[in-house]
Every structure is written in C-alpha cells, then in structure tokens.
Amino acid sequence: MRIVIGQGSCGIAAGAEKIRKALTEQSIGCDISITGCIGMCWLEPIVDIYDDDNALTRLVRVSENDAQAVAEYVETGDKSKVEKLIVTDEDSQFLSKQTRIALRNCGIINPELIEEYTEKGGYTALKKALGMTPEEVIEIIKTSGLAGRGGAGFPTWFKWNAARQSAGEEKYLICNADEGDPGAFMDRAVIESDPHNLIEGMLIGAYAIGAKHAVVYVRAEYPLAIKRLKNAIRQATENGVIGEDIFGSGFSCDFTIKAGAGAFVCGEETALIESLEGHRGMPRLKPPFPAQSGFWRKPSNINNVETFANVAWIINNGGEAFAAMGTEGSKGTKVFAVTGKVKRSGLVEIPMGKTLRDVIFDIGGGMKTDKPFKAVQMGGPSGGCIPASLIDTVIDYKALGATGAIMGSGGMVVMDESTCMVGMAKFFLDFTAKESCGKCIHCRIGTKRMLEMLERITKGEGREGDIELLEELCYSIKDGALCGLGQTAPNPVLTTIKYFRNEYEAHIKDKKCPAGECSDLIEYKIAADKCRGCTLCARNCPVGAIGGTVKQPHVIDTTKCIKCGKCYTVCKFGAVVKE
Amino acid sequence: MEKEIDLSLLDGVLEEYAPVRGSLITILQHTQEIYGYLPKEAIELISEKTGIAASEIMGVGTFYTQFRFEPVGKYLIMLCQGTACHVNSSELILQTIKDELGIDDGQTTEDGLFSLKCVACLGCCSLSPVMMINEDTYGSLTPDKTKRILKELREAAQ
Numbered sequence: 001m002r003i004v005i006g007q008g009s010c011g012i013a014a015g016a017e018k019i020r021k022a023l024t025e026q027s028i029g030c031d032i033s034i035t036g037c038i039g040m041c042w043l044e045p046i047v048d049i050y051d052d053d054n055a056l057t058r059l060v061r062v063s064e065n066d067a068q069a070v071a072e073y074v075e076t077g078d079k080s081k082v083e084k085l086i087v088t089d090e091d092s093q094f095l096s097k098q099t100r101i102a103l104r105n106c107g108i109i110n111p112e113l114i115e116e117y118t119e120k121g122g123y124t125a126l127k128k129a130l131g132m133t134p135e136e137v138i139e140i141i142k143t144s145g146l147a148g149r150g151g152a153g154f155p156t157w158f159k160w161n162a163a164r165q166s167a168g169e170e171k172y173l174i175c176n177a178d179e180g181d182p183g184a185f186m187d188r189a190v191i192e193s194d195p196h197n198l199i200e201g202m203l204i205g206a207y208a209i210g211a212k213h214a215v216v217y218v219r220a221e222y223p224l225a226i227k228r229l230k231n232a233i234r235q236a237t238e239n240g241v242i243g244e245d246i247f248g249s250g251f252s253c254d255f256t257i258k259a260g261a262g263a264f265v266c267g268e269e270t271a272l273i274e275s276l277e278g279h280r281g282m283p284r285l286k287p288p289f290p291a292q293s294g295f296w297r298k299p300s301n302i303n304n305v306e307t308f309a310n311v312a313w314i315i316n317n318g319g320e321a322f323a324a325m326g327t328e329g330s331k332g333t334k335v336f337a338v339t340g341k342v343k344r345s346g347l348v349e350i351p352m353g354k355t356l357r358d359v360i361f362d363i364g365g366g367m368k369t370d371k372p373f374k375a376v377q378m379g380g381p382s383g384g385c386i387p388a389s390l391i392d393t394v395i396d397y398k399a400l401g402a403t404g405a406i407m408g409s410g411g412m413v414v415m416d417e418s419t420c421m422v423g424m425a426k427f428f429l430d431f432t433a434k435e436s437c438g439k440c441i442h443c444r445i446g447t448k449r450m451l452e453m454l455e456r457i458t459k460g461e462g463r464e465g466d467i468e469l470l471e472e473l474c475y476s477i478k479d480g481a482l483c484g485l486g487q488t489a490p491n492p493v494l495t496t497i498k499y500f501r502n503e504y505e506a507h508i509k510d511k512k513c514p515a516g517e518c519s520d521l522i523e524y525k526i527a528a529d530k531c532r533g534c535t536l537c538a539r540n541c542p543v544g545a546i547g548g549t550v551k552q553p554h555v556i557d558t559t560k561c562i563k564c565g566k567c568y569t570v571c572k573f574g575a576v577v578k579e
Numbered sequence: 580m581e582k583e584i585d586l587s588l589l590d591g592v593l594e595e596y597a598p599v600r601g602s603l604i605t606i607l608q609h610t611q612e613i614y615g616y617l618p619k620e621a622i623e624l625i626s627e628k629t630g631i632a633a634s635e636i637m638g639v640g641t642f643y644t645q646f647r648f649e650p651v652g653k654y655l656i657m658l659c660q661g662t663a664c665h666v667n668s669s670e671l672i673l674q675t676i677k678d679e680l681g682i683d684d685g686q687t688t689e690d691g692l693f694s695l696k697c698v699a700c701l702g703c704c705s706l707s708p709v710m711m712i713n714e715d716t717y718g719s720l721t722p723d724k725t726k727r728i729l730k731e732l733r734e735a736a737q
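If you're matching them up, the sequences are chains Z and R in order.
Heads up, the first sequence is in this note's numbering, so the first residue is 1 and it goes up one at a time.
Heads up, the second sequence is in this note's numbering, so the first residue is 580 and it goes up one at a time.
FYI, nobody ran anything at the bench for these hints, they're computed from the structure.
Keep in mind it's a predicted model, so treat the numbers as computed, not measured.
Honestly, I wouldn't trust all of these hints.
Claimed, not checked - Heads up, incomplete: computed chain Z residues facing chain R, CB under 10 Å, no partners named:
1. L85
2. G183
3. M415
4. F428
The beta-carbon is built from N, C-alpha and C at its ideal position, and this holds for glycine as well.
With the rest of the complex left out, here is chain Z (with noise of 0.2 Å):
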C-alpha cells in the first residue's frame, strides 16, 4: 500500500502537512508521498490510499485526530476503520464527469518528482516536436484550434506563428502566471500540481517560434507554486530537458522565473513585459505587438499557464483529437475554478460546449445554502454576472461573449440570493479602481467616479438618472481607455445593470436592499411570534441595544443598533430578520 497526500496551497491551509506528520509518527510501513490539487478542494484535507493493485481508498475531510484510524486501516485493511471518512459515491462524480487534459496529472502524480512525470509519459512530446520542423508543430496546433485560455481567446498558434516570422535571432517566450483574477486559481494548480507540463509545453512554443530563452512571471503571492517550479526547472536541467542541445536536437532553451509584485494590471501582456523589465507595470501601445517587438524590444510570444498545459497533450495525441472536443468556435476542454455559494466547489475541467448548468449543478452539486441560485460571475473584474435564466448557456467564446460575460480565465464565482448584485459591481470597481495603473484617464477617473456613485447607491443616496449616467461612463471608459484591463472594467456594472436593473432602482428609488446585503439600507427586526425569549441575541449585542425579559419576546432598539447582524447570525429561532 501506499499514502498520498493532496498538497496543494487548499491542502494545506485545510491542513494537509499536519496530517503527513501525523501520520509519519505513526511509524506506518508504507510509502508516505505528495500530490498536487485533486481538484475537490471541499473536502480537504484529502489522503489517497493506494493497495498493491493500485486500487484507490479516498479518505476526505481527514484531520490528524484520524492519523492512527487511517494507520490501523492501513495495516489491517480493515476498512471499517476509515468508513466515515471515505468520499461518498456521490462526491466521486465531481471527477468522474469531468474530461481532464490540462489538469491529467494534477493529484495523481508527485510535483517534486521528475520521474513520475516521466512515467506518465512526460517529456515524450517535447521529443516527438524536436523531430518535427517548426512549422509543422504549428501545424499540429493550428489544427488543434487550441486558443489563448487566459481568457481573451486569440488563437494560439496564429501567435506562435507571427513570433516565428518575425526576423531576429534573439526571441523570448513568456509565460503569464500572474493569475490576479480575484476568484480563479487555475494556474496556480497547474503549476503546483504539474509544474513538469507547464515547463514542456513552453519548451515546445520556445523550439516552435524559434527562442532559447523561457521566462516564466509568476504571481509573488503563490509562493509554493514559485518553489515547485524552481524545484522542477532545476530537476530538467540536471536530465538534459532544459539547455544546450536537447536531446541531442541542436535546440537550447534556458529557463527563468520572476516574480511578480502584485499589480493586477501586469496580466496585460505589454504590461507585464514592462515589469519584467523592472518597471512599474505600464501598458505600452499596440501595434508593435510583442510578437515583434516585447521583452527587450525583441520579438515575444506570451501565453497563459492552461494554454501551454495543454500543448503537450495536443502533440501526443494529434491537433484532431483536440479538436473533436468542444464547438464549432471553441475547441478543446476548459479549467473553471468554481467557488462561492456552491455545495462542490474546487476545479472543474470539461469539453468546451457543455452548459454553465453542466458545472455549477450536475458538477458542483447546486448551491450549499437553502437560497436559489441567482448568479454566476465569470472573467473576474473584465467578466460579469450572468442571471439564473441564462443557465443553459453554452460554454464557448462566443456565447458566454454574447452574455456581456466573458470566458475569462476560468474563475466561477456562484451567487445565491443573498448576494447584492449593485454590491458587487461595487466590489469590482474598487479592484479596478485601486489596479488602474493610471495612465489612461478615462480608466484612472473614470472607474473612481462611477465607485463613488455605486458607493452611494449602496449607502441609500442613489438618485434619478443615476443608472443612466453609470452606462455613459461605462461606454466612455470602454472607448477611452487603452488596454484590456480599462476596456473591460465596466463589464461587472453593465451586466448588472443589463440583468438586475430593478436591484439597482430597488435602492435608489425605494432605498431598498433587495438581497439584504446592503447594511444601510436594512434595519435588523425582532419577530415576536418567533422569539422564544433566551436572551441569546441581547448577551451578544455590543451595543446593548437589544431588550426584553427573559422567556418574553426581545425588541432591537434601531436608534441604537449599529447592524453589525451578530444577533441575526446567533438567533437558534430564525426570529431575527433583516427588512
């Protein structure tokens, strides 16, 4: 038998590593072993016991408290020991539905190691590309129809293509990890997970476009994905996958990372060759592109984390194996970080053309609070929310475009009724206002005055026309600004608006918060017939302005209380309620 434990940054923050010690103390005699993110980051902390038929016991929800049940279960391979804590057939589905090809190896294989990528076939694309000419690897993807999975879709190949094209001898190829879509964390499993794959699908865009240098802009705050890397790029070094000659090819490519510093605005590929550089996080003017003129003014190519995950699958396996998943637009499969009010929430891949429903119900099990499901927010701060009415939405670049959405890079943000959507769009623009790297004033100016007009919408202070005047700053900003970070700012507002326009005239015409989120424009109640007088919500109240007797309905003192809903949350009789 052997023990493998789920190490992401989600394993381990739920407490994966403590789990490993504990169990390392039990002393049990078997190989104790990591894994990446398996994707179901409900249930961590996750430890996969493996017998000596590579058969699979998945324990769920561990804690070190379970270390000597899981040492007992293991030595004895008396299964009633770890009952409660094996994943129900039910939660099982969560990956059995999906079709994974970025993510193939996350959670199975050890990122640490070179050897289990290599024994699952790793590195073999790399060598199969090496014998092709370039042009035919570009071939294979352009077949594939393989586009850009950091959300604006541009075909990847046509990239890879003017790169190639353009005349120099010194050339880089970029990968962008500097994932700052509040919301997804895609890139970052890859990378933690299968730090090997990311690394050979940039070496084949590195031989494809002809560059002997690979840079690598990861995010500074995802410090173990930085360290895994670093680890993974010094293990192909030492085995001839990363440097001169490879594989006796004649092809070279080093391979650096940089950390990034956090600006959400470096995501913007002119924006993140600036920082490279060891500037402030600037976009520059397009034309030139990169693919002529980017990292030191030479010719660059970028792509995002996904896209080069799938490159080496895509060589294996042939651009038409690729391309008989997903629509006649969108091929291929797509990552989506599904988070926030649903009941599984954790990493979903599935072919493009499947529907929002497919993933937020049959996959991630509908919403883990008795609330419907009002909305589901896609593309982050560039993105918006689409309404429950459009769940049948097809997932490809051009429907969810059609939405006022986008595909984004992956992030899924599920929203149930208690959810404020004017909040919302007030929640991204304080991110895009505090991003604006300031260089174009309609973005600078523009998202801080349609801030404070959401701010006081939400405060109660909305007036007539302010809806309107919200859409012509939206439209001015889209117009004006110069990159897609500005471009797309406005979108959380215009689809709010363009879906839930009565939320919006709910509060500045009636004051009213209809999702009750908005604390100002909410006063918290007691229901008397409900109240059964324990006195639980006046102990708790930090302003005593709850009052009553015991075993006699409380009242809330509204001139006193400060809706801070402490006493909503400890009420045991739901008599608390928000108006």
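Use these hints to put chain R onto chain Z, whose structure you have.
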C-alpha cells in the same frame, strides 16, 4: 525604537543582481525579505549600485502592492479580498479584526505585534473567507474563529 539599518546585509543581493538588467523588482523583493520593508537607506544604496535614480525606484516600489515602506508587526495579517471571500462575508472578518486589534487596513498595533493588510485574491477560494498570517493560511473563517486565532498568536508571543 529607531533601529540602525545594517546595509551590509544587502551586499550579496546587490552583487548578484545589480549588474543584471531588469532586476530592480527582484532586488526590492530580496530587500524586503531582509528588512521586512524597504528602508530609505537601502533604496539609496540600491540607487547607487544600480545607477537607477532613487525617484524611479520609489516609482516602481509604490506601483506594486507587495512593497512596504514602514516596518510591519511580528504577525502580518493578509486578509483576502477575492470574489469568493467577498461572497462568503469577508467583510465580517475584516470588521472582527479591526475591532479586536483596533487598527485599520495598512496599520500596525501599538505593541508592534500585528499588522493588517487587505490583499488581492490568495487563490484558496474553496476555503473562503481566508487570511494568511505570515506563512500560514487560515480558511473557513468565522468571527469567533478569527478571534481565537488572534488570541492564540497573542499568547504565543508572550
């Protein structure tokens, strides 16, 4: 409380990176790792060794959220402001920390123990709401759990 800055600690970093073009951000990251923030004296030294004007270094340093120009407390609380955390009531956690420690975003407690910083998504969305304190991540936070964590850290420091 003003401590003397030992600039010799930067020797290795500057020797390795000052001659490499485009390394300013890397140098600043190492500097912050050494001192916990970017001291004025260090910026002047970096300017001298790299030939980049101190004003430009400040321009870069202030552009990125990672860099600080004031020392931080023993425990740096980074509270995630991602979308999933927002949907799962991170605002309540922020309020709890503010109430417990009496500090606002970007401030440090008088005893130098805690600093609070609201940060962009930490990427642990399934455990939202989430905060990181120094190297450790704490997930599925509630106001009570947050108070307990702060109390434990305070006790551990004594």
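ask   = Taking the least C-beta to C-beta distance, is L85(Z) closer than 10 Å to chain R?
value = 18 Å, violated
key: Hint validity - G183(Z) Cβ closer than 10 Å to any chain R Cβ   = Nearest chain R Cβ about 4 Å off; hint holds.
query = Would the stated hint for M415(Z) survive a check requiring a Cβ distance to chain R of less than 10 Å?
reply = 6 Å, holds
query = Is the shortest C-beta separation between F428(Z) and chain R less than 10 Å?
reply = With a closest approach of 8 Å, the F428(Z) hint holds.
Hint compliance for this structure: hint 1 is the single one not met.
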